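Trainee: Sequence:
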Amino acid sequence: MLPLRFIYGTRNMLPDSAPPIVHPDVQVLDDYTVPKTDPHSTLLPLLQADPSAPHARSPPLHNLPGGRLSECRIAFRTTRKSQATAEHIDWISTTHTFPAAYPRSHDFSTTPLSAAIRIPKPIPSSALASPEAERAYDAAKRAEDAKFWKENIRIIDDMQTYYPPKTQKEALKIAEERAGRKDPQLWNVIQRIVPVRHDRGGGLANGKSRREPVTLLLAHATGFHKEIYEPFLKYLGQLISDKSFDVNGEVEIEEIWSIDTMISGESAILNGDSLGEAVSWADAARDLVQFTTNYIPPLSPSSASSRSNATCNEASARLMWPPTVLARTYHPAESQMGDATVISPSLGSSPATSAHASRPNARRRRIIGLGHSYAGAAMALASNAYPDIFERVILVDPILISPDFLSVQVHFENEGRKEVAQQRAADKPNPIGLRKSQPLALSASTRKDTWRDRRAAEAYFNSRAFFKAWDPAVLASHIQYGIVPLSAWVKDARSGRGGDDGGLDESGETEMVTLAMPKFLEASSFSASWNSSYAYAALLSGRFRQHHMADTRKGRTYFMIMEQGSRSLQLETFEGEMEGKKPAEEGEPALRGRVEMVPGGHLIAQEQPSVLAAKVLEYILDGETVRGGSTIPTARL
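Numbering-wise, full-length UniProt numbering puts 494 at position 494 of the sequence shown, and it's gapless, one number per residue.
Each hint should be verified, as a subset may be incorrect.
Straight-line Cα separation of at most 27 angstroms, DSS-like style, residue types lysine-lysine; simulated pairs [unchecked claim]:
(1) K468 / K448
(2) K234 / K468
(3) K141 / K448
(4) K147 / K121
(5) K81 / K234
(6) K121 / K448
(7) K141 / K121
(8) K147 / K448
(9) K150 / K121
(10) K150 / K448
(11) K169 / K182
(12) K166 / K182
(13) K468 / K141
These are calculated hints, taken from the structure and not from any lab test. Since this is a predicted model, take the numbers as computed values, not measurements.
Turn these sequences into a full structure, and let the hints steer you where they fit.
Mentor: In structure tokens, the structure reads:
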């Protein structure tokens, strides 16, 4: 057993001048406030949008390049060999969308940004005249963007607007009020990957798992996208294929679902005209709940994983793939409250009971959730609110800020405000950083986000020290899916030409490109990292520990904590005080489950996908050692 505070311990970081920590509903420190991280704080219920709300009836697919989601393709291929048979497995990827959690948890989550914030600017012709001119333009733009971020993004500093409701009754009241405004319905984009087996004889390969097949639900870290997991999944699929012959099919994956967060990948582009500047981490959790409880398609005997030799283009196989727009699979006895249709738990019952017991599609599955970094906090929040959704939860170096540490952050912010003139003159963040001065937010707001073409973007990424440690396949995936045509955001980009003629030639091959995740929204997400204190509180709550930490020998929750704290994006919250041998302090809840220190840095999914695959498979196999992994990279942040 391990006291949770020791995972992200801050005991030795409290300065002598730090104010005493008290726990009223809202702790006031000078002119700042710190929320009380009440473990009973709840997520907003899931309501249905009024049909007259923007995009309530259908997703705005016209916002996407070509007016459609990514096409069906083979994501990767694995092989299985033995004396008796040889087969390869094609892992088929299809892309789908479903209504996101409604309404959103912050009033400004769907208030459109100004064009200066949301839309990246084309590179002017003068900057493309020479490499020197482009470097000078980039430097000037970084300074301009940093100033804009500090002076114009104001909602991030109003912490109280992010506080969650304390009761379900309060949550319902807030949700009904926001739904009554008829805010736009946002849409999540999600990738489905299923294995299709091919043997030499053209038939289904022999051998079935001795265990019930599992469904994986993956959520990525801030700054990435759903496809970032494909190299990890290929390693995982190959390990399972190799191991299946050793243990007679010990593990079988039925389906994999990988979600784009609302501000990333195809989700961001799809919702581009409706996204506001506020990013609430609670909504990432609610989107996971929305999918698993209301939109995950039912399994059937004709699912792709039970068929052989299926391809995306065969008419006979098309019925295996769910439609682009996923249909609702859970239809409760809807109760009308005001103008909103409530599709979440009733106020008089436990979410674990009322929200899940009647959902046969989710209940039939062994769903294992995996969240990395920011998504680890989201997965913890979702699991606490609806503990029966997931059979197991894997939190990969999750961002978790303790209430004590949050108070320390605010203290340093307050101290910094007294010397604001000096800090602005030095152009440096506060000692630890909170909100707009959070170091990762500052970095995101000033990053380069536009290139003359895709080749220039690829050369840029390959030249940066930050990416040197990445697995080559992951970097290739990031360049392919994390970079989009500038016209995806600037709808008239093709009419404004860069260079001598603009950014395009007649073939369109030199169209300017930009980041799929708008950098100011990425910065907004980083600046709201203090939201993870509610996930921290959730982990200590009785409900989470009862359902996820005390029912099996290994526990239902796997905390994978990276050893290289000096390179971790959680440096502010993780000081390496892994006091596993210390007993829990009196009155302090103990963390039960599997907690493991893993060599490497925070970006394990990008730098060591093979290590991540081996660790995940070990956990699924209840601790059985799996051969696999790689050397630890050493690139600088």
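Trainee: Next step is simple, just say for each hint if it's right about the structure.
Mentor: For each hint, the structure was consulted:
1. K468 / K448: Holds: K468 and K448 sit about 18 angstroms apart, inside 27 angstroms.
2. K234 / K468: 21 angstroms, holds
3. K141 / K448: 8 angstroms, holds
4. K147 / K121: OK: K147 and K121 at ~16 angstroms, within 27 angstroms.
5. K81 / K234: 16 angstroms, holds
6. K121 / K448: Holds, because 11 angstroms separates the two Cα atoms, which is no more than 27 angstroms.
7. K141 / K121: 10 angstroms, holds
8. K147 / K448: 15 angstroms, holds
9. K150 / K121: 19 angstroms, holds
10. K150 / K448: 17 angstroms, holds
11. K169 / K182: 21 angstroms, holds
12. K166 / K182: Answer holds: K166 to K182 is near 24 angstroms, not above 27 angstroms.
13. K468 / K141: With a Cα-Cα distance of about 25 angstroms, the restraint between K468 and K141 holds, given a limit of 27 angstroms.
In the structure shown, no violation is registered for any of the earlier numbered hints.
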